[in-house]
Each structure stands twice: as C-alpha cells, then as structure tokens.
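Spelled out, the chains give:
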Amino acid sequence: MRTTRIGSGAGFAGDRFEPAEVLVRQAGLADLVLECLAERTIALGQQRRLADPEAGYDPRLLARFRRLLPPAAEHGVRVLTNMGAANPLAAGRATAALLGELGLDRTVAVVTGDDVLDRIDPRTPALEDGVPLADHGELVSANAYLGADAITPALGADVVLTGRVADPSLFLAPLADRLGWDLADPHPAAAGTLVGHLLECAGQLTGGYFADPGRKEVPGLADLGFPFADVGADGSAVFGKPDGTGGVVSRATVREQLLYEISDPTAYLTPDVELDLREVTVRETGPDRVAVRGAIGRTRPRQLKVSVGYRAGFRAEAEISYEGPNARERAGLAGEIVTARLPVPPRVQLSTSDTESRLRVAALTPDRETAEVLCHEVEALYTNGPAGGGGVRTSTTEVIGIVSALLDRERIEPAVTTFRPVR
Amino acid sequence: MILHDIAHCRAGDKGDTSILSLLPYRDEDFPLLVREVTAERVRAHLAGQLRGEVVRYVLPNLCALQFRCRHALDGGVTTSLALDTHGKGLSFRLLALPIGGL
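Protein sequence lines, in the order shown, are assigned to chains A and B.
Okay, so the first sequence: first residue is 1 according to UniProt numbering, each after it adds one.
Okay, so the second sequence: first residue is 1 according to UniProt numbering, each after it adds one.
Bear in mind the hints are in silico, worked out from the structure with no lab data behind them.
Just so you know, not all the hints are guaranteed correct.
Interface residues of chain B toward chain A, partial, derived using beta-carbon atoms under 10 angstroms [as the list claims (entries may be wrong)]:
1. 10
2. 13
3. 20
4. 21
5. 23
6. 38
7. 63
8. 66
9. 68
10. 79
11. 92
12. 95
Distance ranges between label pairs, derived from CB positions [what the hints assert, rightly or not]:
13. 184(A) with 44(B): 41 to 51 angstroms
14. 25(A) with 48(B): 45 to 55 angstroms
15. 103(A) with 2(B): 52 to 62 angstroms
16. 406(A) with 31(B): 36 to 46 angstroms
Heads up, the beta-carbon is just placed ideally off N, CA and C, and yes, glycines get one too.
Between the sequences and the hints, there should be enough to build the whole structure, so can you do that?
Take a look at the structure:
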C-alpha cells in the first residue's frame, strides 16, 4: 500500500524553530506543515497591514524560513504554512526575495481568496450571539476558512503560503496529492482531516502541554520533538516523532489531542468534510508509535465559516503588589480605591500567597484615554494608596474582537499566484 | 479521592465555549467516570466560571468523556478580561472534583 510521511513543524505562531529543522533533516518527510494562525492572529495582521501595505504576514516568517528552507531544499521536503496571515501575497514576495538571497532555486505558491471583507454583508447575524456583525464594532477583517480544494492547485510549488484556511486542510491537501485521494469522497477526506487535526498543534501530540510531574511524566521537554504521521492510501495512520528527541507519543497524548477543541465529536465541521470521531481507535504499536484509524466522514458543508474582526475598544491592565503581614487587606483596599475613582467598573482580582498579594485591575474601555486613566489610577496608588505597594506594571492595548458568520462557498473564489526566487 | 488521582484532562477553546476532555489513566476506571462525572456535576463544580449549558459526550471507543461548556470564557479569548483568556486552567479545576464514595 502506498504511504506518505507528513510532519508538523509549528503548532502556533510563537512555537520553537528547532523541532521543524530536526524533522526535515532526520525524518524523511515528503511534506512539512507549519500551522501559525490562531483565530485572532489574522485580525491583528490586518491591523498591521492597514499601517503598512507590505506587512500583515507572520512577523517570524523570514526568521523561520531562513533556517528551514535550506534543509527543506536539500532534502526535497515541500513546506506548507498559513504564515501568509493577512497578507499572503506580500509573504510570497518576501519569501521569493529570501530564496534569491539564499541562492535556492525553489518556487513559492500563494493561495488567496480567503479575504471576503468586500462581500460579507455587515447585517449578517454573528453565529455567537445573533447580533448583526456591524453592531459589534467597526469591521476590520473578514476571512473565510478555505479548504483543501483551494490549496490543491498550489501543490506544484516547493513552498505553499496561505492566509486563513482550516488547519486540518493544510494537511489534507498534500496527503490527497501524495496518495491520489479524491477530495469529494468523504472517507479519505475524513481520514486526512483526522490526521491533520492530530498534527496541527505540533508538540501537543508529542508530550508538550501534557506533563504533570508525578502523574504524567514527559522526558526531555527542553528538547521536545515534533510529530510526523505515516499515512496509508486507505487512511490509516501511524504517528511518531524523530529518534533521539524529547517528548513521548502514547495513547494518552494522542487521545488528549484527538478531542482538543472539538466542540462536537459526532460532527466536527471543516470546509472539507463533517468528521465523526465516535468509531476512532487509538493503539500503541511500539515505542513512540501510535496507530489511529476509524474516521467517519459525511458530505462537506455548503457554507464556509468566516472569521470577522472588529474594533472592540481598548484593554487596560494594571497590577501592584503588597507583601508581608496584612498584605491581602492592603491589596483589597487598593482595589476599592481604584474602583471608586474609575468611570467604568473594572474587573478586580487578587492573587494571594502566604507572603504576598498582587492586585490586578482590568477593563475593556471604548477609547484609549479611558484605558490610560485606569493605568494611571493604579500607578497613583504609590503615594495615594495603602502602605507598602510596589511593582506596578501597566499596559494598554487595542482589542480586535472576533465573531463568526457563514458564507455560501460559491461566493468564495480561491486563486493561486506563483513566485520565482528574486535576486 | 479527586479526579486528578485517576484521570487527565485538556481544555480547548472555541469562541466563548470551553471544551474539556476527560480521560482515565486506566480503561477500567471509565465506567466510574461515566457514572459520576455528569454534565450537572461539572456545571456545579465550575459554577464560578461557567454561565451556560454543559453538554457531555460519552465516547466508549476512546474511553473518554467530552464536555462542551458554553459561556465559560468571559466572552472569548479576544475580549476576555481574565488573566487566562483561553481558560486553560479549567482543565485542572475540573480535576479537583471529588469522586468515589462521597
């Protein structure tokens, strides 16, 4: 039976760089996927793009690629990532320039079409609360979750960059390409989606985010290896990690990840399929080797989810500490003073240990000025509050909120643009 | 005995919904979890944070329980004022639940 090996080189934008290099150099991969686009990350990218038309893609893209693309070229590994974020074409141009600088003769394909801000009706009710999108605040972004069929036309390239696509679709597309699957068939689509779902958080499958000393021991977390899967044409998959790396792949780590962020295990919806996990089995087949099979698929949904970003105001956060006898009471008094002086009721929290109490005051305010008033009031406790306060930290950040809506898939037009290295 | 003695848990988030998966270390403890860790008990145990319904899924093939907890994340990760905006800590708050012959 034909099989292919696919690896996961990043599970979020802030992930470590090294494990992906280890996979590329040692694991004999056909494809490496880096998932770096959390739900709200694209809206923050849209904000940066508004300030600079060439910005908006993942800020770590070039640093990651500078280390990863030379070994990927050497070992013939195709790389797929959603690091294009809010500006995939600019990411493609930057990557082409990097390839030129590195002297690598590789092609880059960019998938676009997820940006649907110009075609989403602001009166559409949000899925979360039924309130029209526009009533949440000024809309700054609307990105549809594209599926594997949008990625397929890009797979002739060595590096594939996307904006918003469903995370498992980044894995399903290359698997279908290598194994000759028909994406319209729900059975392989479900199997590939299950593989993608398990791999998308990278180290969370190999023991990252799992350890609980004395109960769940994970060796070598400082040198955690990232996962790969050997996927067969029949959809069965065996998960593992590179030899000599830290972490563990076990029935327990795989089952934790299997259910992670699945709000309905009987019907997990992606652009590619409706996945039912009830018949899935997870079996250890060797050290750090776990076999998974049994995904059930039903026809993909007619509408795609759109993630809509809106201006939600400003978040102000400020903290101050009190130590020693009566610390909790002094911190509590400090919270009362700040609350009495603020125009909006803040969220007040005390974190108290035997010797110390830290007060945290936070609020979501309509404008930056009000947020700064909160921070100033906490700072003013130094000479206007209880005795012994110290260690004030304050921050004010603009908040881009996210709500969701549905859009008919016929209204979305994916496209692919190819770039050659630029010298 | 508390859940932490026999089971592990991971929290995931989707908007304002927290998703808690609960897995026994030993498969033979699964019936005990099914019997004792009902949606009602989870909701009561996490009442300080949960403001919506809790739906439980029983997955015998996987020896796992899944709880979908609505309105658990102070509006969701983008606008939440909580320190732990993703509600990651809910997994271990659930593991503090007392079980087995109260």
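Hint by hint, here is what the structure shows:
A cut of 10 angstroms between beta carbons decides the hint on residue 10(B): the least distance to chain A is about 4 angstroms, and the hint holds. Interface hint status for residue 13(B): upheld, as the beta-carbon distance to the closest one in chain A is roughly 7 angstroms, under 10 angstroms. The interface hint given for residue 20(B) holds, since its Cβ lies 9 angstroms from the closest Cβ of chain A, which is under the 10 angstroms cut-off. Given hint, residue 21(B) at the interface with chain A, holds; its Cβ is 4 angstroms from that chain's nearest Cβ, closer than 10 angstroms.
For the restraint placing residue 23(B) at the interface with chain A, the shortest Cβ-Cβ distance is roughly 5 angstroms, inside the 10 angstroms limit, so the hint holds. Given hint, residue 38(B) at the interface with chain A, is violated; its Cβ is 17 angstroms from that chain's nearest Cβ, farther than 10 angstroms. At a threshold of 10 angstroms, the smallest CB-CB gap from residue 63(B) to chain A is about 8 angstroms, leaving the interface hint in force. With 10 angstroms as the threshold, the beta carbon of residue 66(B) comes within range of chain A, its nearest partner Cβ sitting at about 5 angstroms, so the hint holds.
For residue 68(B), the shortest C-beta to C-beta distance to chain A is roughly 5 angstroms, which falls under 10 angstroms, so the interface hint holds. At its closest, the beta carbon of residue 79(B) sits 5 angstroms from a beta carbon of chain A; the interface hint therefore holds under the 10 angstroms criterion. Because the closest C-beta pair between residue 92(B) and chain A is about 8 angstroms apart, less than 10 angstroms, the hint holds. The beta carbon of residue 95(B) comes within 9 angstroms of a beta carbon in chain A, closer than 10 angstroms, and the hint placing it at the interface holds.
Taking the beta carbon of each, residue 184(A) and residue 44(B) are about 46 angstroms apart, inside 41 to 51 angstroms as hinted. The supplied range of 45 to 55 angstroms is met by residue 25(A) and residue 48(B), whose beta-carbon atoms lie about 48 angstroms from each other. Under the hint 52 to 62 angstroms, the C-beta atoms of residue 103(A) and residue 2(B), about 59 angstroms apart, fit the expected range. Between residue 406(A) and residue 31(B), the C-beta spacing of about 39 angstroms keeps the proposed range 36 to 46 angstroms intact.
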